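*Asks:* The lines below spell out each chain.
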Amino acid sequence: MNFEYYLWKLTDLIAGPFIHTQVPRDGWTGLILHVIFMAIVVVIILAFLALDAFFLIWLERKISARIQNRLGPMVSGPRWLAKFSMWTGGIFQTLWDTLKLMLKEDIINRRADRLGFMLAPFICMAATFMAFLVIPFGKGLVAQDLNIGVLYLVAIGSFAVIAILTAGWSSGSKYSLLGGLRSAAQIISYEVPMIFGILGPVMIVGSLSLVDIVEAQKNTWFFVPQILAFLVYFISATAEINRTPFDLPEAESELVAGFVTEYTGMRFAMFFLAEFTNMFIISAIAVSLFFGGWMLPFGLEFPKVIQLGNFVIPYIDILLGAVVFFIKAYFFVIVLMWFRWTYPRVRVDHLLGLGWKVLLPVGFLNMLLTGIWMMIKPRGG
Amino acid sequence: MVAGALFFAWLMRPSKPDPIKLDVYECGEETVGPSQVQFNIKFYLAAILFVVFDVEALFLLPWAVAFKDLGIRAFIEMILFILILFVGLAYAWRKGILKWA
Amino acid sequence: MDISVIISKLAFYPIAAVILIAAILVVSLRNVFYAALSLILCFLGVASLYLLLHAEFLAGAQVLIYIGAISVLIIFAIMFTKDISHQYSSGTLLYRVSVGFVLFLLFLVMTAAYLLNAWTHAAAGGTGVSITDIGKMMLSTYLLPFEALSVLLLAALIGALFLARKEER
Chain A
1 MNFEYYLWKL
11 TDLIAGPFIH
21 TQVPRDGWTG
31 LILHVIFMAI
41 VVVIILAFLA
51 LDAFFLIWLE
61 RKISARIQNR
71 LGPMVSGPRW
81 LAKFSMWTGG
91 IFQTLWDTLK
101 LMLKEDIINR
111 RADRLGFMLA
121 PFICMAATFM
131 AFLVIPFGKG
141 LVAQDLNIGV
151 LYLVAIGSFA
161 VIAILTAGWS
171 SGSKYSLLGG
181 LRSAAQIISY
191 EVPMIFGILG
201 PVMIVGSLSL
211 VDIVEAQKNT
221 WFFVPQILAF
231 LVYFISATAE
241 INRTPFDLPE
251 AESELVAGFV
261 TEYTGMRFAM
271 FFLAEFTNMF
281 IISAIAVSLF
291 FGGWMLPFGL
301 EFPKVIQLGN
311 FVIPYIDILL
321 GAVVFFIKAY
331 FFVIVLMWFR
341 WTYPRVRVDH
351 LLGLGWKVLL
361 PVGFLNMLLT
371 GIWMMIKPRG
381 G
Chain B
1 MVAGALFFAW
11 LMRPSKPDPI
21 KLDVYECGEE
31 TVGPSQVQFN
41 IKFYLAAILF
51 VVFDVEALFL
61 LPWAVAFKDL
71 GIRAFIEMIL
81 FILILFVGLA
91 YAWRKGILKW
101 A
Chain C
1 MDISVIISKL
11 AFYPIAAVIL
21 IAAILVVSLR
31 NVFYAALSLI
41 LCFLGVASLY
51 LLLHAEFLAG
61 AQVLIYIGAI
71 SVLIIFAIMF
81 TKDISHQYSS
91 GTLLYRVSVG
101 FVLFLLFLVM
111 TAAYLLNAWT
121 HAAAGGTGVS
131 ITDIGKMMLS
141 TYLLPFEALS
151 VLLLAALIGA
161 LFLARKEER
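Top to bottom, those sequences are chains A, B and C. In terms of our numbering, the first sequence has 271 at position 271, counting the first letter as 1, and numbering is strictly consecutive. In terms of our numbering, the second sequence has 86 at position 86, counting the first letter as 1, and numbering is strictly consecutive. In terms of our numbering, the third sequence has 74 at position 74, counting the first letter as 1, and numbering is strictly consecutive.
Note that these hints are calculated values from the structure, not bench results. There may be inaccurate statements among the hints.
What the hints assert, rightly or not - Under the rule of at most 25 Å between Cα atoms (straight-line distance), these lysine-lysine pairs were calculated in the PhoX-like manner:
#1 357(A) <-> 68(B)
#2 136(C) <-> 377(A)
#3 68(B) <-> 136(C)
#4 99(B) <-> 357(A)
#5 68(B) <-> 377(A)
#6 218(A) <-> 100(A)
#7 166(C) <-> 357(A)
#8 95(B) <-> 166(C)
#9 99(B) <-> 166(C)
#10 42(B) <-> 357(A)
#11 42(B) <-> 166(C)
#12 218(A) <-> 68(B)
#13 99(B) <-> 42(B)
#14 95(B) <-> 42(B)
#15 304(A) <-> 218(A)
From a predicted model like this one, the values you see are computed outputs, not experimental measurements.
Throw the hints in and build the complete structure from the sequences for me.
*Replies:* What follows is the structure in structure tokens.
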């Protein structure tokens, strides 16, 4: 009995701060606890960000290889794993690639504006990093459940545009400038449709907080009534992060590498990291808004504790919820990769048109339908 | 951690600038003219369109949050608000602003 | 005193300093692109002040509209104007004097508004106005200004597009 008690105590001590995000904020103890909690969260998010990007870059190379009937990276990593199957080969590839990038010379070309050139990758990283603050990975597993959650996410995206424009302007190269401009024009053209896509779930739930939106999907995931909104959101979000088929800003055949053309070494690595992390972020948002976040479908629930003989494992529902969340989020990441290696690039003359002429009216239509549906059936949702 | 990585990178990486390396990448060709060149005005027009519709989208959010508590009147009023702005979109569409070339 | 009050009081001064320095940089920097970046920093400072007052929606709006839209438009304009980023011009004397005069008038109006109004002090805990309240008020008490706003935005949009296209030709 004593042992079980101490086990509970220990898990409470370790997991407590993450489960009960609302640490008491009054008094100095509350403040210090809060600061410690936020510091832990920042470290965890940074560690996750790095690991996640490493994994995603490796995954993208493997998926592209599979689609093109190749093996992809196989050499860096334990040889016996590579012998096992193509999916276990080259697992350290990104790690060595990153080390290589770190050791590469940092070139700032003659025509570049040094300050802007150095500032841009940091703005880009900061924007990406800040988005993690409001994503609910599991029940209670959210750094800060802001009441403007969704608005915060959209607003944070503004910094990405600023970073891209700064990079493009300060590189002193025509490719960079044109790439940056195209990229910015694309992002802003798809931002309005994206907000329209988000609007549907917000209307049903009546809150901008991602936690509230996830919890409202206990019985029905919102992609069922909001399939249009989901499509509008997902297509716009793909354009927002410049992924293929919307990778015109980096169209290799026309613009070399767009706004990152002049970047080398670590600075390039920062843009690259942000790009892959953004894929995870938009997938995580899609899961939270339309696919029930950490919840199982049909209102099923995990047991709160698991009893193994005399042992009781607590917080099992939260742990499994987070696993469910990651499975769903990675599913959409894989869908994004699948898109990239399947579809050709959108033509440049369709760049502005698709967002304004197709997605925006469809988003508006969805808003109308949602409104009418809610009027007729006020108890729905 | 990031600072450590950056410091390590700064410590380890070589720095051997030479004039060709510091040149702008243009497939080995000499760059002609200034880097700031005139661009397609379409991007700028799209940005103007975006500013207006971004304001619209911002107003939609509190409306959507309060939607359950608002009646059918507010719904129609919001539709009216959006439709008025869609006149602007229709204008831009008609004038070929959303078309390339 | 409550700890959160102390913190928001302490945080106010550095934020205000950032806003002021950024604002001075906007008007004094010779490089227009840097001036635009300073303006963004200034907007960000203002958004932080809103956060201190627990006006989260306003802070989000500030970042979304002023940084995400207006600053981007400004940077676009800088990029579209040939070599403007390295030029500096402050106009003729008449231009400067008239701008100064308008700014002085604006200053007077704002001072008068500050002195003549009985300000209610929002507590550090915020005003308690939720996003739902904003949405409700927008479509009831302030319905007319709200609908008038759409007409205003429409006029601004068509006007701006018209002018920009005239430049194009």
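*Asks:* Which numbered hints does this structure break?
*Replies:* Of the numbered hints, 1, 6 do not hold.
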